[in-house]
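Trainee: Listed below, chain by chain, are the residues.
Number of protein chains: 2
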Amino acid sequence: MQRIFVKTIGFVRNELTEDEVRDRNCDSDVVIYKEYEAGLEGIEDFSHLNIIFWMDRIRRSERKLLKARPRGHQDMPMLGIFATRSPHRPNPIGLTLVKLVERKGNILRVNGLDALNDTPILDLKPYDKWDSEEHMKVPRWWMMLERERTSR
Amino acid sequence: MQRIFVKTIGFVRNELTEDEVRDRNCDSDVVIYKEYEAGLEGIEDFSHLNIIFWMDRIRRSERKLLKARPRGHQDMPMLGIFATRSPHRPNPIGLTLVKLVERKGNILRVNGLDALNDTPILDLKPYDKWDSEEHMKVPRWWMMLERERTSR
Chain A
737 MQRIFVKTIG FVRNELTEDE VRDRNCDSDV VIYKEYEAGL EGIEDFSHLN IIFWMDRIRR
797 SERKLLKARP RGHQDMPMLG IFATRSPHRP NPIGLTLVKL VERKGNILRV NGLDALNDTP
857 ILDLKPYDKW DSEEHMKVPR WWMMLERERT SR
Chain B
737 MQRIFVKTIG FVRNELTEDE VRDRNCDSDV VIYKEYEAGL EGIEDFSHLN IIFWMDRIRR
797 SERKLLKARP RGHQDMPMLG IFATRSPHRP NPIGLTLVKL VERKGNILRV NGLDALNDTP
857 ILDLKPYDKW DSEEHMKVPR WWMMLERERT SR
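Here the protein sequences come in this chain order: A and B. Using my numbering, read the first sequence as starting at 737 and increasing by one per residue. Using my numbering, read the second sequence as starting at 737 and increasing by one per residue.
Do not take every clue at face value.
Identical copies carry no separate label here, and so any pair may be met within one copy or between two of them.
Here are the simulated SDA-like cross-link-like pairs (lysine to any residue), alpha carbons at most 25 angstroms apart as the crow flies [to be verified]: (1) Lys770 / Glu838; (2) Lys840 / Leu752; (3) Lys743 / Gln810; (4) Lys743 / Lys873; (5) Lys800 / Ser887; (6) Lys840 / Arg793; (7) Lys743 / Asn786; (8) Lys840 / Glu771; (9) Lys770 / His871; (10) Lys865 / Asn847; (11) Lys865 / Asp811.
Quick caveat, the hints were computed from the structure, so don't treat them as lab data.
Full structure from sequences and hints, please.
Mentor: Printed below as a string of structure tokens:
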């Protein structure tokens with residue numbers, strides 16, 4: 737195992753509760769440090785971005801888990817954490833597709849980011865059809881969770 | 737700026753040239769370290785994964801660039817690196833959507849990974865419709881590059 741250093745390039749700014757964050761309907765600001773602002777030039781011509789962030793509320797002990805029931809549901813199968821989107825994983829890296837609402841200098845207003853206030857940002861990628869696949873297959877437990885979520 | 741430690745959870749194994757890697761038509765193995773193998777259970781029920789990796793061939797000086805012409809083309813506009821998929825960025829994190837061909841224990845055979853042999857793996861995420869957006873907008877220069885690439 738090798739250890740790698742990453743730098744934070746900015747942080748999330750919002751006033752959302754954990755529930756609002758999870759619902760992915762709200763706007764957040766992605767504040768990029770001034771020293772990286774030049775790196776954003778042209779990003780406003782994309783409608784969607786993948787945001788890569790660091791879930792810094794995850795505790796060290798939670799990074800050691802390798803199995804979990806999705807969202808802790810007792811009626812769900814016990815799964816490997818790489819088969820889930822659980823934040824409890826060896827590297828609590830978050831990846832979320834967001835809509836880019838607008839850019840003002842070093843601040844990107846985005847819709848749908850499921851990250852809490854102050855979450856460190858590691859990278860931003862413009863989203864294109866290479867990142868997109870319509871015909872994916874997912875397991876049955878995943879569809880059940882999804883149905884539950886959207887029916888709330 | 738904050739520094740964060742990430743751990744490698746495995747590495748890429750293939751015998752591809754840089755050109756073959758870029759074309760994203762070939763198979764590679766993603767070898768996950770034995771200590772994390774339990775974390776893969778159930779991942780074989782997904783058809784697609786997002787692979788997050790560390791582009792370790794990128795030099796320190798290349799991580800300081802903030803602007804570049806896409807693929808170095810002189811007829812392309814000068815853009816911020818976050819508006820491109822250039823590997824030259826503050827954190828050379830790679831993100832690629834791949835097809836999961838099969839899993840054998842701690843080894844995932846995937847199609848379409850654009851990472852060189854021995855590239856460190858940071859995380860794997862199952863791919864679902866939350867990661868997918870059909871109606872994205874991309875800039876004109878992006879479409880031109882894409883046309884050039886697919887006509888080769």
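Trainee: Measure nothing new, just compare the shortest in-copy and cross-copy C-alpha distances for Lys800 and Ser887 to 25 angstroms and report within, between, both or neither.
Mentor: The answer is neither: 32 angstroms in one copy and 46 angstroms across copies each exceed 25 angstroms.
Trainee: Indicate which option fits the pair Lys840, Glu771 if close means a Cα-Cα distance not exceeding 25 angstroms: within, between, both or neither.
Mentor: The answer is within: 15 angstroms in one copy meets 25 angstroms, while 45 angstroms across copies does not.
Trainee: At most 25 angstroms between C-alpha atoms: does Lys865 with Asp811 qualify within a copy, between copies, both, or neither?
Mentor: between (36 angstroms within a copy, 23 angstroms between copies)
Trainee: Please work out whether the CA atoms of Lys743 and Lys873 approach to 25 angstroms or closer within one copy, between two copies, in both situations, or in neither?
Mentor: Neither: 34 angstroms inside a copy, 29 angstroms across copies.
Trainee: When no copy is specified for Lys743 and Asn786, does a C-alpha distance of 25 angstroms or less occur within a copy, between copies, both, or neither?
Mentor: For Lys743 and Asn786, both the intra-copy (18 angstroms) and inter-copy (22 angstroms) Cα distances are at most 25 angstroms.
Trainee: Tell me, please, which holds for Lys865 and Asn847 at an alpha-carbon limit of 25 angstroms: within, between, both or neither?
Mentor: both (19 angstroms within a copy, 16 angstroms between copies)
Trainee: Evaluate Lys743 and Gln810 at a C-alpha cut-off of 25 angstroms and name the case that applies: within, between, both or neither.
Mentor: neither (38 angstroms within a copy, 30 angstroms between copies)
Trainee: Up to 25 angstroms between alpha-carbons, please classify Lys770 paired with His871: within, between, both or neither.
Mentor: Answer is neither; intra-copy 40 angstroms and inter-copy 31 angstroms both fail.
Trainee: Can you tell me if Lys770 and Glu838 fall within 25 angstroms by alpha carbon in one copy, between copies, both or neither?
Mentor: For Lys770 and Glu838, the Cα distance is within 25 angstroms only inside one copy (17 angstroms; across copies 44 angstroms).
Trainee: Which holds for Lys840 with Leu752 at a C-alpha limit of 25 angstroms: within a copy, between copies, both or neither?
Mentor: within (21 angstroms within a copy, 42 angstroms between copies)
Trainee: Within a copy, between copies, both or neither: where do Lys840 and Arg793 come within 25 angstroms Cα-Cα?
Mentor: Neither, since 28 angstroms and 33 angstroms both go past 25 angstroms.
Violated hints, listed in ascending order, are 3, 4, 5, 6, 9; each of the other numbered hints is respected by the structure.
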